[in-house]
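A.B. asks: Each chain, written out:
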Amino acid sequence: MASADTAVARPPREGLRFPLGGAALTRGAATLWISLIVLLPLAAVFSRAFDDGMGHFWEAITDKEAVAAIKLTLISSLIVVVINAVMGTLIAWVLVRDDFRGKRIVNSIIDLPFALPTIVAGLTLIALYGPNSPIGVHAAYTRAAVVMALLFVTLPFVVRSVQPVLLEVDREMEEAAASLGAPNHRIFRSIILPNLGPAIIAGVALAFARAVGEFGSLVLLTGNIPFKTQAASVYIFGRVQTNDLSGAAAVSVFLLAISVGLLFALNLFARWRSRHERA
Amino acid sequence: MSALSLRSRIGLRSVALFYLAALLIVPVGMIFYRTFEHGLSEPIDAVTSPEGLHAFWLTIVCVGIAVPLNTLFGVVTALVLVRQNFRGKALLNAAIDLPFAISPVVIGLALFLVYAPRNSWFGGWLADNGVQIIFSLPGMILATIFVSLPFVVREVMPVLQEIGTDQEEAAETLGATPWQTFWRVTLPAIRWGVTYGVVLATARALGEFGAVSVVAGNVSGAGGTQTLPLYVKDQFEGFSLAGAYAAALVLAVLAIAVLFSMNLLQRRSARVTDDEEDHDLPGPAVFVPQPIEKEA
Chain A
1 MASADTAVAR PPREGLRFPL GGAALTRGAA TLWISLIVLL PLAAVFSRAF
51 DDGMGHFWEA ITDKEAVAAI KLTLISSLIV VVINAVMGTL IAWVLVRDDF
101 RGKRIVNSII DLPFALPTIV AGLTLIALYG PNSPIGVHAA YTRAAVVMAL
151 LFVTLPFVVR SVQPVLLEVD REMEEAAASL GAPNHRIFRS IILPNLGPAI
201 IAGVALAFAR AVGEFGSLVL LTGNIPFKTQ AASVYIFGRV QTNDLSGAAA
251 VSVFLLAISV GLLFALNLFA RWRSRHERA
Chain B
1001 MSALSLRSRI GLRSVALFYL AALLIVPVGM IFYRTFEHGL SEPIDAVTSP
1051 EGLHAFWLTI VCVGIAVPLN TLFGVVTALV LVRQNFRGKA LLNAAIDLPF
1101 AISPVVIGLA LFLVYAPRNS WFGGWLADNG VQIIFSLPGM ILATIFVSLP
1151 FVVREVMPVL QEIGTDQEEA AETLGATPWQ TFWRVTLPAI RWGVTYGVVL
1201 ATARALGEFG AVSVVAGNVS GAGGTQTLPL YVKDQFEGFS LAGAYAAALV
1251 LAVLAIAVLF SMNLLQRRSA RVTDDEEDHD LPGPAVFVPQ PIEKEA
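Residue numbers (my numbering), protein chains in the order written: chain A, 1 to 279; chain B, 1001 to 1296.
In isolation and in its complexed conformation, chain A is listed as follows (with noise of 0.2 Å):
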């Protein structure tokens, strides 16, 4: 006879029939859709990197206009998300404490990079910081506009992973150092800033992650000078363009590696922090 105990103790999904055509079909369909579109391609390029051999792939991304992209991706990338640390962490803060006509506004703005395709991005902020530029700015063609670029379309990610953590911090710690007499940034130093850290890290991680790969808006706006504003996504469009696929697959790999890595190891870090705030 089922008691009660054991019907509660019955793992719940075991005795459900599957949706859709069965377990078996559904868990192939979503495994075949995957591989097809997602790892069968991304095979042919780690398969075309390494053709050839290591030392031509070494020589691919040692080539010196490769270096130059890939240097200038990457310094622009740690400039970026330093500058989205500071002021993301400030927009969030002043999205969650602060009060004024428009918030909701504001708030709902900050996932417009997200949502307008990468190309106008750049276009926007051509017809502002460009040749013709009405406040007499002129950031095109320069580094300064790889790293203009980059900040605009990697803006949400640090607002957004703080900001939901600022929601839920506990107000009382920061009353009563207040009441104590903390000075502002003692405050910020010793309360706020432990609580949002690893929130912090993560967005700057997928900001980083995404800016390593930004390709859309900066072709307009950097003028892809070799060895001075040609970012690595640049330099692999232009590989392709004049068939050398082996040297773009090799750069390719490269900027892949940076990429997933950096998600694998910040899912590694969720979890740890999970467990850690468990145990």
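One thing to keep in mind: the hints can contain errors.
[Unchecked claim] Below, a sample of chain A positions facing chain B; criterion: calculated Cβ distance under 10 Å:
hint, residue
1, L42
2, P113
3, F264
What the hints contain is simulated information worked out from the structure, not anything from laboratory work. This one's a predicted model, so the numbers in the text were calculated from it and none came from an experiment. Every residue gets a Cβ at the ideal spot worked out from N, C-alpha and C, and that includes glycine.
Please arrange chain B on chain A, whose structure you already have, making use of the hints.
C.D. replies: Only chain B this time, still in chain A's reference frame:
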């Protein structure tokens, strides 16, 4: 409101708003200004030219095929990942996020290496059989599917986790077939997740530039392979600024419409779950990789 004095609060607010204005609000506003700078006729002519209309049509075709396919497979994949246990599940789950992590150009190159007419895995064989994928519509559709693949899966998975299986089991006990249970119980419960996913996937698919531009080869003109984002670039580089800004404006308006509808949807679903606190929360974190919740 806060432990900070009014003065420092206003100071921080000004810095934040200035930064947003300089980086985001004014530049996007400039698109509107630039489009209509020299009157209405130029931009209207540009977007209603045969090339402009063709680009718009191609964009609609890519989105119209990619998003429904990703919705169908997205719901299936989410169900599989949440409701089944099998070897390699963690791997499949991780693979879903790859399109978020990979540069669009690399995605384009990847498709190129599989399907290009020469020097590729299957392109030569396909070309012999009269199928062209690269430099034509099928490749552009594949690129669009690739970049918009994770959205529906990632929006539906947390909802499925949250609703659990009680209602489905009840339906089954009462004699419903799996199919009936899916249509009458599961699908209505996950509808907001599906809707979010579809809206976000549409936004991404509409605006994809890098991946599509590699595989499309940018054949311009009325019979060419330009979607709207490629048309923007082509017009800009051809010094036809009116056309570039007008097409960009169309895309920007669509993006703003997406944001707006996401906001409405969020408020709607917040009302459905009767959770007043959630109103000011940010949008769904589509970009954050989500580990599968381990079962106890």
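A.B. asks: Run the structure past the numbered hints and jot down the numbers of the failing ones, going up.
C.D. replies: none
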